[in-house]
Amino acid sequence: MTDARLAPGDLAPDFTLLDQNGDAVTLSELRGSKVVLYFYPEAMTPGCTTEACDFRDNLNSFASAGIRVLGVSKDDVAKLAAFAARDRLTYTLLSDTDLAVQQAYGVWGEKSLYGKIVVGSIRSTFVIGEDGRIERAFYNVKATGHVARLRRDLGLDG
Numbered sequence: 001m002t003d004a005r006l007a008p009g010d011l012a013p014d015f016t017l018l019d020q021n022g023d024a025v026t027l028s029e030l031r032g033s034k035v036v037l038y039f040y041p042e043a044m045t046p047g048c049t050t051e052a053c054d055f056r057d058n059l060n061s062f063a064s065a066g067i068r069v070l071g072v073s074k075d076d077v078a079k080l081a082a083f084a085a086r087d088r089l090t091y092t093l094l095s096d097t098d099l100a101v102q103q104a105y106g107v108w109g110e111k112s113l114y115g116k117i118v119v120g121s122i123r124s125t126f127v128i129g130e131d132g133r134i135e136r137a138f139y140n141v142k143a144t145g146h147v148a149r150l151r152r153d154l155g156l157d158g
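In full-length UniProt numbering, the protein residues as written are 1 to 158.
Bear in mind the hints are in silico, worked out from the structure with no lab data behind them.
These numbers were taken from a predicted model, which means no experiment stands behind them.
With a cut-off of at most 25 Å between alpha-carbon atoms, the simulated SDA-like pairs for lysine to any residue come out as follows:
# : residue 1 : residue 2
1 : 142       : 90
2 : 142       : 7
3 : 116       : 139
4 : 79        : 26
Assemble the whole structure, with the sequences as input and the hints as a guide.
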């Protein structure tokens, strides 16, 4: 668990994680492209499915602006593969089973769930610039409406 929060201007912590196909993805190898890195609690749950499908449905607007979308959760590769297949998710989902990346980004910690304080993944999104620095950091986002707000903030609603 961590209380560290990233802010605009911070260098995005680098990582290498396996995607839903079992292929390694290294963040620093994506330099030169803008990246939307979003963290969600658990694949195939209602809120996470809503958010994932919202990214899927808006993927063309991100791609046409040269922005790559990556989703990260604590789920293993097999569950991510099933999630991608079930919901036709055509972007990269990454497996962070040891929570190292979530801790580095300050998204593993205490949160309120149905009125109780629990420890888990805090739904959060980061926009990482071509230079590898955080441009925007959104913690505690809602599953519904977040992608629309992100598109507005990035000027994709043209």
